[in-house]
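Visitor: Just need the whole structure built from these sequences, with the hints factored in.
Here the protein sequences line up with chains A and B, keeping their order. The C-terminal residue of the first sequence carries number 133 in my numbering, and the numbering is unbroken. The C-terminal residue of the second sequence carries number 206 in my numbering, and the numbering is unbroken.
Calculated directly from the structure, the hints in this document are not laboratory data. Idealized CB from N, CA, C, for every residue including glycine. Mixed in with the good hints there might be a few duds.
Stated by the list, open to error - Covered stretches of chain A, as calculated for chain B (at least 3 residues, CB under 8 Å):
(1) 5-19
(2) 29-40
(3) 50-61
(4) 101-110
(5) 113-119
Unchecked claim - What follows is a list of derived Cβ distance ranges for each label pair:
(6) A:Glu45 - B:Ala152: 11 to 21 Å
(7) A:Val15 - B:Arg163: 43 to 53 Å
(8) A:Ser48 - B:His142: 43 to 53 Å
(9) B:Asn149 - A:Arg92: 42 to 52 Å
(10) B:His142 - A:Ser57: 23 to 33 Å
(11) A:Asp8 - B:Thr193: 54 to 64 Å
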Amino acid sequence: MNLPHIPDDQLRRFVAACARRARAFRDWYQLPRKRELRGRDLLREWLSPEQLAQYDSHNYFEVTGCHTGKRYRIHHGFGTNVYELDDGGVPRVGWCFVPDDHLVAGDVMLAQKIALETDERGAMAVANNFTRR
Amino acid sequence: MATQIVMDHNGDTRHNFDARDAKAVLKAERRFRALTGAGFTAAIRTANREPLVTRTFDPTAEETLFFPRLVGG
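Guide: This is the structure:
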């Protein structure tokens with residue numbers, strides 16, 4: 001079989017262009033995961049040691065509302081992920097409040113944590129409740 | 134080096150500045166005002182590592198986190 005003759009510099013350019021496109025595709029493909037990891041890393045930096053241990057073992061962590069002292073459980077997620085706990089630590093009512101932007105789960109959870117720990121009434125003023133799933 | 138962390142579509146964007154550099158501090162203060170003016174909440178961490186919402190720019194804060202206004206979902 002006769003292969004067509006391709007000049008070296010033309011071949012090099014072609015290979016370089018293919019490599020660029022392959023890198024661009026890989027970056028595009030991995031972007032959502034990188035974003036998720038950044039959000040998760042930031043959340044982990046801001047959790048207390050107890051919350052971090054809880055999150056690592058259960059995929060949720062608990063916070064105490066700064067005004068009422070009520071306990072809330074924040075599950076990993078983007079919304080409908082906050083539950084108010086009763087005195088026995090059982091989830092009773094769900095509360096949904098989220099940042100007004102499309103953020104990754106870690107960021108959403110961190111914003112919810114800070115809101116409940118520093119301005120519980122403000123968070124509850126905008127939150128909608130939902131029945132436990 | 135102080136850091137302003139802004140939550141966004143990419144997870145977050147970090148702006149580092151030298152608190153001893155007057156120009157950099159001014160720029161960071163402008164960013165703080167622009168973000169809080171746009172509805173972002175600014176939070177720092179206390180010595181006990183507990184979050185504290187702040188409404189004034191603190192150039193000595195090691196880390197200031199900004200997240201968008203909260204709304205009912």
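Visitor: Now look at each hint and say whether the structure bears it out.
Guide: Verification of the supplied hints:
1. A stretch counts as covered by a chain when three or more of its residues have a beta carbon under 8 Å from one of that chain; for the segment 5-19 of chain A and chain B the count is 0, and the coverage is violated.
2. Coverage of the segment 29-40 of chain A by chain B holds in this model, with 6 residues showing a Cβ closer than 8 Å to a Cβ of that chain against a need of three.
3. Counting residues of the segment 50-61 of chain A whose beta carbon lies closer than 8 Å to any beta carbon of chain B gives 0, which falls short of the minimum of three for the stated coverage.
4. By the rule of at least three residues with a Cβ nearer than 8 Å to a Cβ of chain B, the coverage given for the segment 101-110 of chain A holds, with 7 such residues.
5. Closer than 8 Å: that is the beta-carbon criterion, and the segment 113-119 of chain A has 6 residues meeting it against chain B, so the requirement of 3 holds.
6. Against the hinted window of 11 to 21 Å, the Cβ-Cβ separation of Glu45 (chain A) and Ala152 (chain B) comes to about 20 Å, which satisfies the hint.
7. Here the CB-CB span from Val15 (chain A) to Arg163 (chain B) is close to 47 Å, well matched to the stated 43 to 53 Å.
8. At roughly 27 Å, the beta carbons of Ser48 (chain A) and His142 (chain B) sit outside the given window of 43 to 53 Å.
9. Range check, Asn149 (chain B) to Arg92 (chain A): Cβ separation about 43 Å, and the 42 to 52 Å hint holds.
10. For the hinted restraint 23 to 33 Å between His142 (chain B) and Ser57 (chain A), the CB-CB distance of approximately 30 Å keeps it satisfied.
11. Judged by the Cβ atoms, the range 54 to 64 Å given for Asp8 (chain A) and Thr193 (chain B) holds: they are separated by roughly 60 Å.
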